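There are 2 protein chains.
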Amino acid sequence: MKIKIINTQKLKEKYVKSTIQEYTKRLSAYCKVEYVETKNPAKEISFKSYVIKIKKEGEELSSEQLAEKIEQLGVSGNSNITILLGADNIEADCVLSISRMDIDINILLIIICEQIYRAYRIINNAPYHK
Amino acid sequence: MKIKIINTQKLKEKYVKSTIQEYTKRLSAYCKVEYVETKNPAKEISFKSYVIKIKKEGEELSSEQLAEKIEQLGVSGNSNITILLGADNIEADCVLSISRMDIDINILLIIICEQIYRAYRIINNAPYHK
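As you go down the protein sequences, you meet chains A and B in turn. With the numbering used here applied, the first sequence corresponds to residues 1 to 130, in that order. With the numbering used here applied, the second sequence corresponds to residues 1 to 130, in that order.
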């Protein structure tokens, strides 16, 4: 599975990038995570990718439900997921809400990485270590 | 307004404590925030305090609705709020959900501080600066 996280905002906080790198490393046993910052997100989305847009008004899933979704995508041959932050004009296969609250973009990115990691630990029936 | 955040878990991550301190400083213009780690949360709750318990199954509010709630509590003479993390046996006036997902406790604490700050910026009609 390849997961590309696309952020249309440029992040200044260094700890976020290092956290993303840390999770990318931990996730390498399960999937390939790529983080991209761009003002032109459409260019970065593969033709066959399943696109998940993050919006507070979207559908809410528990961590277990997200794990199930990722597993199902794999089973049905979708080996390419794109997670979009801040690209309102792009159509998505799924609009996912992390919280009904306005969450700072830096925090949101860390949560997304953590949820992907959590999902793979759930899928693989492995204990969750932070 | 006095806001006490009680966490029954002992945190190891230093960046969380420094983030809480940073928000406490920024919030000092609006309210007094105190962060307490304890295994005996009941002892830390003032008799007249309005208790908000954080649980993923709780009520979901937008940032604007949380701001309204805090403002209303002030108007109705509640000058003392306790926010509880991980004290399942204690009864609360409100059970608040940040997300339906399982969020790491460190991240949850940062979100709570940020939401209180965001609430006071909304109440005071001030632009939001991170």
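No lab work stands behind these hints: they were computed from the structure. On a predicted model such as this, the values are computed, not experimentally measured, just so you know. A hint or two may mislead.
It does not matter which identical chain is meant; a pair holds if it fits inside one copy or across any two.
As the list claims (entries may be wrong) - Calculated lysine-lysine pairs in the DSBU-like style (CA-CA distance at most 30 Å, straight line):
| id | residue 1 | residue 2 |
| --- | --- | --- |
| 1 | Lys-69 | Lys-32 |
| 2 | Lys-39 | Lys-69 |
| 3 | Lys-14 | Lys-56 |
| 4 | Lys-32 | Lys-10 |
Checklist entry - Given a CA cutoff of 30 Å, do Lys-14 and Lys-56 count as a within-copy pair, a between-copy pair, both, or neither? => result both (25 Å within a copy, 29 Å between copies)
Item to check | Alpha-carbon proximity context of Lys-32 and Lys-10, limit 30 Å | outcome: Within. Shortest intra-copy distance 22 Å satisfies the 30 Å Cα cut-off; inter-copy 33 Å does not.
Checklist entry - 30 Å Cα cut-off: does Lys-69 pair with Lys-32 within a copy, between copies, both or neither? => result For Lys-69 and Lys-32, the Cα distance is within 30 Å only inside one copy (17 Å; across copies 42 Å).
Item to check | 30 Å Cα threshold - placement of Lys-69 relative to Lys-39 | outcome: within (28 Å within a copy, 37 Å between copies)
Checked against the numbered hints above, the structure breaks none of them.
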